[in-house]
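K.L.:
One-letter residues, chain by chain:
Number of protein chains: 2
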Amino acid sequence: MSNSVSNSQAGYYFLQVPGPTVVPDEVVAAMSQPMMDHRGPVFAKLAAEAAQNLKPIFKTKQPVMVIPASGTGAWHASIANCLSKGDKVLIPEVGMFSTLWGKVSRELDLEVIEIAGDWRSGIDAQKVEDALRADTAGEIKAVFATHNETSTGVTSDIAAVRAALNAANHDALLFVDTVSSLVAMDYDHDGWGVDIAICGSQKGLMLPPGLAFAAVSEKALEAKKTSDLNPGYFEFDPLISATETGLYPYTPPVSLIYGLKKATEMILDEGLDAIYARHAKLGEATRACVNVWGLETQCQVEGQHSNAVTAVRVPEGINADEMRAFIFDKYNLSLAAGLGKIAGEVFRIGHLGYQNPLTLMGALSGVEMGMEAFGIKFKKGGVNAAMDILSK
Amino acid sequence: MSNSVSNSQAGYYFLQVPGPTVVPDEVVAAMSQPMMDHRGPVFAKLAAEAAQNLKPIFKTKQPVMVIPASGTGAWHASIANCLSKGDKVLIPEVGMFSTLWGKVSRELDLEVIEIAGDWRSGIDAQKVEDALRADTAGEIKAVFATHNETSTGVTSDIAAVRAALNAANHDALLFVDTVSSLVAMDYDHDGWGVDIAICGSQKGLMLPPGLAFAAVSEKALEAKKTSDLNPGYFEFDPLISATETGLYPYTPPVSLIYGLKKATEMILDEGLDAIYARHAKLGEATRACVNVWGLETQCQVEGQHSNAVTAVRVPEGINADEMRAFIFDKYNLSLAAGLGKIAGEVFRIGHLGYQNPLTLMGALSGVEMGMEAFGIKFKKGGVNAAMDILSK
Numbered sequence: 014m015s016n017s018v019s020n021s022q023a024g025y026y027f028l029q030v031p032g033p034t035v036v037p038d039e040v041v042a043a044m045s046q047p048m049m050d051h052r053g054p055v056f057a058k059l060a061a062e063a064a065q066n067l068k069p070i071f072k073t074k075q076p077v078m079v080i081p082a083s084g085t086g087a088w089h090a091s092i093a094n095c096l097s098k099g100d101k102v103l104i105p106e107v108g109m110f111s112t113l114w115g116k117v118s119r120e121l122d123l124e125v126i127e128i129a130g131d132w133r134s135g136i137d138a139q140k141v142e143d144a145l146r147a148d149t150a151g152e153i154k155a156v157f158a159t160h161n162e163t164s165t166g167v168t169s170d171i172a173a174v175r176a177a178l179n180a181a182n183h184d185a186l187l188f189v190d191t192v193s194s195l196v197a198m199d200y201d202h203d204g205w206g207v208d209i210a211i212c213g214s215q216k217g218l219m220l221p222p223g224l225a226f227a228a229v230s231e232k233a234l235e236a237k238k239t240s241d242l243n244p245g246y247f248e249f250d251p252l253i254s255a256t257e258t259g260l261y262p263y264t265p266p267v268s269l270i271y272g273l274k275k276a277t278e279m280i281l282d283e284g285l286d287a288i289y290a291r292h293a294k295l296g297e298a299t300r301a302c303v304n305v306w307g308l309e310t311q312c313q314v315e316g317q318h319s320n321a322v323t324a325v326r327v328p329e330g331i332n333a334d335e336m337r338a339f340i341f342d343k344y345n346l347s348l349a350a351g352l353g354k355i356a357g358e359v360f361r362i363g364h365l366g367y368q369n370p371l372t373l374m375g376a377l378s379g380v381e382m383g384m385e386a387f388g389i390k391f392k393k394g395g396v397n398a399a400m401d402i403l404s405k
Numbered sequence: 014m015s016n017s018v019s020n021s022q023a024g025y026y027f028l029q030v031p032g033p034t035v036v037p038d039e040v041v042a043a044m045s046q047p048m049m050d051h052r053g054p055v056f057a058k059l060a061a062e063a064a065q066n067l068k069p070i071f072k073t074k075q076p077v078m079v080i081p082a083s084g085t086g087a088w089h090a091s092i093a094n095c096l097s098k099g100d101k102v103l104i105p106e107v108g109m110f111s112t113l114w115g116k117v118s119r120e121l122d123l124e125v126i127e128i129a130g131d132w133r134s135g136i137d138a139q140k141v142e143d144a145l146r147a148d149t150a151g152e153i154k155a156v157f158a159t160h161n162e163t164s165t166g167v168t169s170d171i172a173a174v175r176a177a178l179n180a181a182n183h184d185a186l187l188f189v190d191t192v193s194s195l196v197a198m199d200y201d202h203d204g205w206g207v208d209i210a211i212c213g214s215q216k217g218l219m220l221p222p223g224l225a226f227a228a229v230s231e232k233a234l235e236a237k238k239t240s241d242l243n244p245g246y247f248e249f250d251p252l253i254s255a256t257e258t259g260l261y262p263y264t265p266p267v268s269l270i271y272g273l274k275k276a277t278e279m280i281l282d283e284g285l286d287a288i289y290a291r292h293a294k295l296g297e298a299t300r301a302c303v304n305v306w307g308l309e310t311q312c313q314v315e316g317q318h319s320n321a322v323t324a325v326r327v328p329e330g331i332n333a334d335e336m337r338a339f340i341f342d343k344y345n346l347s348l349a350a351g352l353g354k355i356a357g358e359v360f361r362i363g364h365l366g367y368q369n370p371l372t373l374m375g376a377l378s379g380v381e382m383g384m385e386a387f388g389i390k391f392k393k394g395g396v397n398a399a400m401d402i403l404s405k
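Protein chains in written order, with my numbering: chain Z, 14 to 405; chain D, 14 to 405.
This is chain Z alone, in the form it adopts within the complex:
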């Protein structure tokens, strides 16, 4: 926990951005253990156990690689291992991160076919199906789907995207970005037939940033054999081997691996269904609060609201970033910025990871008091609506 990295006011710091999220004290303690020989038997056992703990979390029987990099590195890794120069990839636009995924793809010499989106709704599976059906030559090698778009608070139905591939009888791989969805909401790697899922450590997994993850399918590993890109640092083979042996191809970030073992144990102890339910309640309470305030969520489609983060639109004429800065100074509460084309128009309330009803109530109270002091026109009483949900 971090109550000392804040605006230097007394008392807990309310870290309500959608990552980095609060790191539990137990994880901090685990990470504070002394360095050890990363080629020795003790570390090897610990690192292998940490990697194996990720399988039930991704709901897969296949290996889940631990990659010493940020989530962006896992994008790079998955492309560089399983695709080839000039490959076409289909990317439904849902917000800032799906857009950035396209940018990374172009940098690695892929050809991106984007399905334009409005940043206020999730993936339209019908459009994915249509695009795949139109690709009679089978040039599209992969569909890149963002499970939870962190910039907008919109989730997409990955099972429906899989169904679209099946309906179109198309052979493309399905890549899924689970960076801000994993643990916060149900993700079923094998059940949904996902080929590569990538994630980062600093969100639902309750760790500092620094580790990325990639879950793969047999089909993805088959595709790897014909890839002509050079993964270099991100070569999958030794990373897959490390999930069994705990021995990395280079020096791994030892303390983060200590933390990963502890955090995954805590997650499996609490139980995924209990964690999903906790996030669902926090998300519902946040939306009930925003609704009473009379403000609009960036997400406009019922059933697509994220349980990890809620993006709230501020009234015309208000600069959301100035409001956030004001609230940080006044209440020791960090809200996240709007990104890309909605910068300044939204603020985002993260409610994923190591969060509970009272941390959310502290945060929502801070927003309600902060908005009033900043002079925003809204209806008070949101916090009461949130309590009605949380106490149900």
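Since the hints were made in silico from the structure, they are not lab data. Just so you know, nobody snuck in bad clues.
Chain copies aren't distinguished; within one or between two, either way the pair holds.
With a straight-line cut-off of 35 Å between C-alpha atoms, the simulated DSBU-like cross-links for lysine-lysine are:
{"hint": "1", "residue 1": "343", "residue 2": "68"}
{"hint": "2", "residue 1": "343", "residue 2": "405"}
{"hint": "3", "residue 1": "72", "residue 2": "343"}
{"hint": "4", "residue 1": "294", "residue 2": "392"}
{"hint": "5", "residue 1": "390", "residue 2": "405"}
{"hint": "6", "residue 1": "101", "residue 2": "74"}
This structure is a prediction, so every number in the text was calculated from the model and none was measured.
Starting from the known structure of chain Z, fit chain D onto it as the hints suggest.
P.N.:
Here is chain D on its own, set in the frame of chain Z:
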């Protein structure tokens, strides 16, 4: 900070008992430094600086001893150094801790004259004056006044007690228990003419329990010369010397001294007036909340409400301890028990130390939701009243 010592639910633990209070991460980090030679120059300098930092906090030019013991040890120390067997001491009853102070006094062979109180109001200075005037033989050697009665959330006017001694022209020493008042509200050792003030580390000073403090006057040190009690471990002379040299008469609790230096620096950095004002606002907001709930505070006298802790009476037929246990399980929120003759009738909301508006809002939301779920009859909307105060 401690988010892992709770009821094992995810998310921050809301520690709202009036001590031990939340220990800031900076203090935890300071206490986590390696052990060092407690007779060496580095520790000596650090320990002396820590002790000197206490002087402005107690508002005194006299030494403030650091005693490796709990607050109860400081009661023992102050009696054993400055009083004698059979001495009469006048103790105005205000609650559980003034009562316990009397018990310790009797155990050390003092004769206690108690001014009976109702546990719902502070010290009646007129009664102190009357008792002293009646003591024409000058047999009363000290008045023991509790500045903030932690069990009831009632403060007493120490300046008025001093004025009572002066008005009666009585020579008794004035001992003050500042355990839960120091830092949370104004305490002026020299200005109020207090002879011995005792305190503990685990409240306003934001440290774990383990250290006690005693501020003395020249008159107290003069009285020490004729004391016939044997202080033993608690002998003042070497402890007073340690405030200058940093060298203790026995092995001091090294990590707590590291923490003391850091915590006192943080307090002096934030500034006492700012800290008093922060506590005043948290106290006012809590009382506004309880008032809307339609519940009674244990303190019945306007102007005597504590800014460190609010004791709230539960409706007839409700067991406050069962309610507290329920709320702890449900919301990861620790409220404090009623003590002594009001056990089960009150719960106490601590709002002292490393606390801010949003931690209080989390706590008050937890009480409001918890009381409803527990089936207590009260009026909702208290949290809104608290926000009205906090956002002023």
